[in-house]
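Engineer: Sequence lines, in order, name chains A and B.
Note that my numbering gives residue 292 to position 292 of the first sequence, counting from 1, and the numbers run on in steps of one.
Note that my numbering gives residue 431 to position 64 of the second sequence, counting from 1, and the numbers run on in steps of one.
Just to be clear, a hint being listed does not mean it is correct.
What the hints assert, rightly or not - Dumping the calculated DSSO-like pairs for lysine-lysine here, alpha-carbon to alpha-carbon at most 30 Å:
hint, chain 1, residue 1, chain 2, residue 2
1, B, K377, A, K10
2, A, K198, B, K583
3, A, K10, A, K198
4, A, K360, B, K377
What the hints assert, rightly or not - Derived list of chain B stretches under chain A, where covered just means 3 residues or more per stretch with a C-beta under 8 Å from a C-beta of chain A:
hint, stretch
5, 387-396
6, 614-627
Please keep in mind that the hints were generated in silico from the structure rather than gathered at the bench.
Note that the Cβ used here is the ideal one computed from N, Cα and C, for glycine as well.
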Amino acid sequence: MSVLLAFLRKETYHILRDRRTLVIALAMPLIQVLLFGFAIRTEVEEVRLAVVDPAPDHATLEIRARLASTGLFRTVAVLPTSAPLERLFQRGDARAAVVFEPGFAGRLGRGEPARVLLVSDATEPNQGSRIQAYALNVIRGYERELGAAGRGVRIVPEVRMRFNPTLESSNLFVPGLVAMILTIVSAMMTAVSLTREKETGTMEVLLVSPLRPWQIIAGKVLPYLVLGFLNVLTALAAAAAVFGVPMRGSLLLFLAESTLFILTSLALGILISTRTDSQRVATMGALVGLMMPTMVLSGFIFPLESLPGWLRPLTNVVPARWFVLIARGIMLKGVGLAYLWEETLVLLGMTLLLLGVGTKRFKIRLR
Amino acid sequence: MRTVLFLIRKEYLQVFRDRAMLFLIFFLPAVQLLLLSSAATFEMRNARMHVVDRDGSPVSRELVARMAASGRFEVAARSASLELANRDLLARRVSLVLHIPPDFEHTLVRERVAPVQLLVDAENGAAAGVMQSYAASILNAYAADLGVELHPEVGGVREGGAPPPPAPGRERIEVRTRGWFNPRLDYSDYMVPGILVLLVTLVGTLLSAMNIAREKELGTLEQLNVTPLTRSQFIAGKLLPFWILALVELTVGLSLARLVFDIPMRGSLLLVYAAAAVYLVAALGIGLWISTVTETQQQAIFVTYFILMIYMLMSGLFTPVESMPRWAQLFTLLNPVRHFIEIMRAVLVKGAGFAAIQTPFAILVAYAAAVLAIAVRQYRKTSA
Numbered sequence: 001m002s003v004l005l006a007f008l009r010k011e012t013y014h015i016l017r018d019r020r021t022l023v024i025a026l027a028m029p030l031i032q033v034l035l036f037g038f039a040i041r042t043e044v045e046e047v048r049l050a051v052v053d054p055a056p057d058h059a060t061l062e063i064r065a066r067l068a069s070t071g072l073f074r075t076v077a078v079l080p081t082s083a084p085l086e087r088l089f090q091r092g093d094a095r096a097a098v099v100f101e102p103g104f105a106g107r108l109g110r111g112e113p114a115r116v117l118l119v120s121d122a123t124e125p126n127q128g129s130r131i132q133a134y135a136l137n138v139i140r141g142y143e144r145e146l147g148a149a150g151r152g153v154r155i156v157p158e159v160r161m162r163f164n165p166t167l168e169s170s171n172l173f174v175p176g177l178v179a180m181i182l183t184i185v186s187a188m189m190t191a192v193s194l195t196r197e198k199e200t201g202t203m204e205v206l207l208v209s210p211l212r213p214w215q216i217i218a219g220k221v222l223p224y225l226v227l228g229f230l231n232v233l234t235a236l237a238a239a240a241a242v243f244g245v246p247m248r249g250s251l252l253l254f255l256a257e258s259t260l261f262i263l264t265s266l267a268l269g270i271l272i273s274t275r276t277d278s279q280r281v282a283t284m285g286a287l288v289g290l291m292m293p294t295m296v297l298s299g300f301i302f303p304l305e306s307l308p309g310w311l312r313p314l315t316n317v318v319p320a321r322w323f324v325l326i327a328r329g330i331m332l333k334g335v336g337l338a339y340l341w342e343e344t345l346v347l348l349g350m351t352l353l354l355l356g357v358g359t360k361r362f363k364i365r366l367r
Numbered sequence: 368m369r370t371v372l373f374l375i376r377k378e379y380l381q382v383f384r385d386r387a388m389l390f391l392i393f394f395l396p397a398v399q400l401l402l403l404s405s406a407a408t409f410e411m412r413n414a415r416m417h418v419v420d421r422d423g424s425p426v427s428r429e430l431v432a433r434m435a436a437s438g439r440f441e442v443a444a445r446s447a448s449l450e451l452a453n454r455d456l457l458a459r460r461v462s463l464v465l466h467i468p469p470d471f472e473h474t475l476v477r478e479r480v481a482p483v484q485l486l487v488d489a490e491n492g493a494a495a496g497v498m499q500s501y502a503a504s505i506l507n508a509y510a511a512d513l514g515v516e517l518h519p520e521v522g523g524v525r526e527g528g529a530p531p532p533p534a535p536g537r538e539r540i541e542v543r544t545r546g547w548f549n550p551r552l553d554y555s556d557y558m559v560p561g562i563l564v565l566l567v568t569l570v571g572t573l574l575s576a577m578n579i580a581r582e583k584e585l586g587t588l589e590q591l592n593v594t595p596l597t598r599s600q601f602i603a604g605k606l607l608p609f610w611i612l613a614l615v616e617l618t619v620g621l622s623l624a625r626l627v628f629d630i631p632m633r634g635s636l637l638l639v640y641a642a643a644a645v646y647l648v649a650a651l652g653i654g655l656w657i658s659t660v661t662e663t664q665q666q667a668i669f670v671t672y673f674i675l676m677i678y679m680l681m682s683g684l685f686t687p688v689e690s691m692p693r694w695a696q697l698f699t700l701l702n703p704v705r706h707f708i709e710i711m712r713a714v715l716v717k718g719a720g721f722a723a724i725q726t727p728f729a730i731l732v733a734y735a736a737a738v739l740a741i742a743v744r745q746y747r748k749t750s751a
């Protein structure tokens with residue numbers, strides 16, 4: 001045991017002496033939570049609108065004014081013909097357009113159908129259709145006031161957004177961001193610190209020492225567990241203080257689950273390090289292999305429900321996926337282990353499996 | 368020039384001697400492009416729904432049937448109690464609850480307006496917003512049909528289809544809608560170019576960022592420093608190998624995009640490559656700059672990782688730049704990835720020509736020049 005303690009001390013010195021890395025490792029997650037927590041939004045906002053109004057009259061001016069007053073649209077151009085629209089859309093200067101026909105008010109007054117065309121940039125499909133829906137709503141509202149739509153019936157959906165009534169983006173992204181940062185930092189740090197010993201040849205020294213293989217691994221990993229835990233605390237503090245992300249469930253449970261998740265990531269790092277002797281390969285593996293999949297397949301940004309069926313089973317092997325569910329469950333829904341035991345068991349199983357394989361693969365002989 | 372060629376050859380030998388690197392540089396990104404592009408979508412199908420129908424009338428049953436028939440929602444459970452529904456929502460067994468209050472049909476016929484409640488699991492905001500808008504449009508369409516059925520004399524208000532002749536004196540606006548550039552509303556058209564850019568950037572930046580730091584750590588930089596290489600030759604010899612590698616990777620990715628996802632290529636490919644050539648100088652130059660200012664590979668990796676996260680989340684790849692607060696939008700102007708993704712999407716999907724993309728193109732050129740100058744200045748042959 002005292003051997004292990006001595007080894008742990010050596011590792012801690014290693015980390016503490018590399019001031020630059022230490023500062024980065026502690027400050028970076030905090031900066032990321034702050035930066036991305038503010039910046040990432042999925043709402044549709046400030047749509048640049050081009051208006052094609054060949055013969056403005058009171059009706060078209062009224063509709064234009066109503067569109068502008070929603071706060072969603074910002075009119076960037078009023079054009080007499082629709083010819084320049086394509087250019088505007090290609091340059092990204094406009095993302096939506098309303099095209100009125102000449103004599104719009106006149107036709108309305110005579111009771112003839114007055115035509116208007118709504119164009120949206122559907123490169124991003126949802127945005128495209130949402131913009132259309134908003135604009136349509138505005139025009140329908142106007143029509144209704146003219147007294148044209150008193151007929152027919154309406155079914156009014158009363159929507160309640162449970163657990164996040166204002167659809168606050170930071171409430172959703174902060175738990176995901178924590179998962180993302182923890183996975184990569186923990187896995188990468190472990191993988192690098194283990195392969196570094198191999199690359200610089202000091203692993204040999206460790207192997208001939210009385211340390212057992214699991215002790216070497218434990219000594220390498222424990223300091224990073226502490227570091228990861230500190231990252232969770234700072235990220236959590238920032239989330240609560242700056243973004244007001246709620247913690248409806250038990251803080252203690254959240255910290256315990258985070259520790260489990262850090263362990264999963266560390267185990268992943270150990271496994272990566274057993275596959276290679278070079279830091280370059282190890283980091284490439286950790287970053288290229290983990291960064292994008294964690295972001296896309298964890299439900300952090302894209303709803304998992306929208307994944308095609310054949311792809312959904314694949315997300316089960318992404319550890320962050322389970323942690324995102326747990327974190328959101330505790331923070332937003334306030335549920336406890338009664339609702340989260342399955343996710344917790346999966347993480348636990350993954351950790352044990354990864355640790356087992358990693359330790360077994362850890363070679364004590366040099367080639 | 369010959370000296371630079373030697374250096375390039377050395378880099379290739381070093382990279383490819385390790386078989387694992389080949390796997391990481393080509394195979395892994397290709398697989399990710401295929402998988403992640405299919406996963407990166409906000410479109411929802413078969414969202415699981417718990418129905419609490421307390422009316423039980425033909426109208427309410429038809430409403431539920433319409434929701435299910437749309438393919439957007441799937442009735443996963445029915446009950447008469449909101450309590451049970453709520454528990455399903457908490458346990459994530461369903462993503463929304465549709466509650467039809469008693470006397471729904473009655474109210475609808477008598478007052479022409481009747482409410483239904485939708486409880487949406489907003490744990491995931493993007494999905495919640497999408498489900499809400501799907502549900503709203505299904506309800507609207509159903510209401511319009513019902514209007515015709517219940518009050519045939521006045522006719523319903525409905526988008527598309529042949530409009531009934533308007534009654535005299537009644538005003539009516541006919542709205543047609545178009546979604547440009549992506550009539551199939553296919554997410555992969557939007558995502559594949561962006562994800563490809565990111566993967567190429569990821570691999571290229573990492574390789575270049577670790578390169579010089581690695582030579583420093585292994586001590587081989589000293590050997591290079593005593594050769595007659597000039598500073599710009601050195602940087603060129605470090606940049607070119609990865610630049611070529613990244614272009615090859617881009618080509619592989621574009622072929623996959625075309626063959627597997629059938630991504631439209633409306634604009635000129637030449638323009639794409641011209642932009643890529645400039646962009647990669649900037650992106651790899653940033654990697655080299657990181658490499659010159661750090662001492663160990665570990666430090667280099669950390670800085671790279673930080674920058675890559677910014678590349679990824681502040682580029683408009685997954686979430687629109689327009690939705691960001693003003694200061695963040697200005698900040699994204701510093702992100703070369705944002706400009707290149709913009710160019711890729713504009714040229715491939717919208718068929719833009721050079722005139723339409725000259726602003727981001729000019730920014731990239733300026734970026735590349737500045738980064739190269741800095742990297743060359745930063746690199747010192749004499750150690751401090």
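Engineer: Check the structure against each numbered hint from earlier and tell me which ones fail, lowest number first.
Structural biologist: Of the numbered hints, 1, 4 and 6 do not hold.
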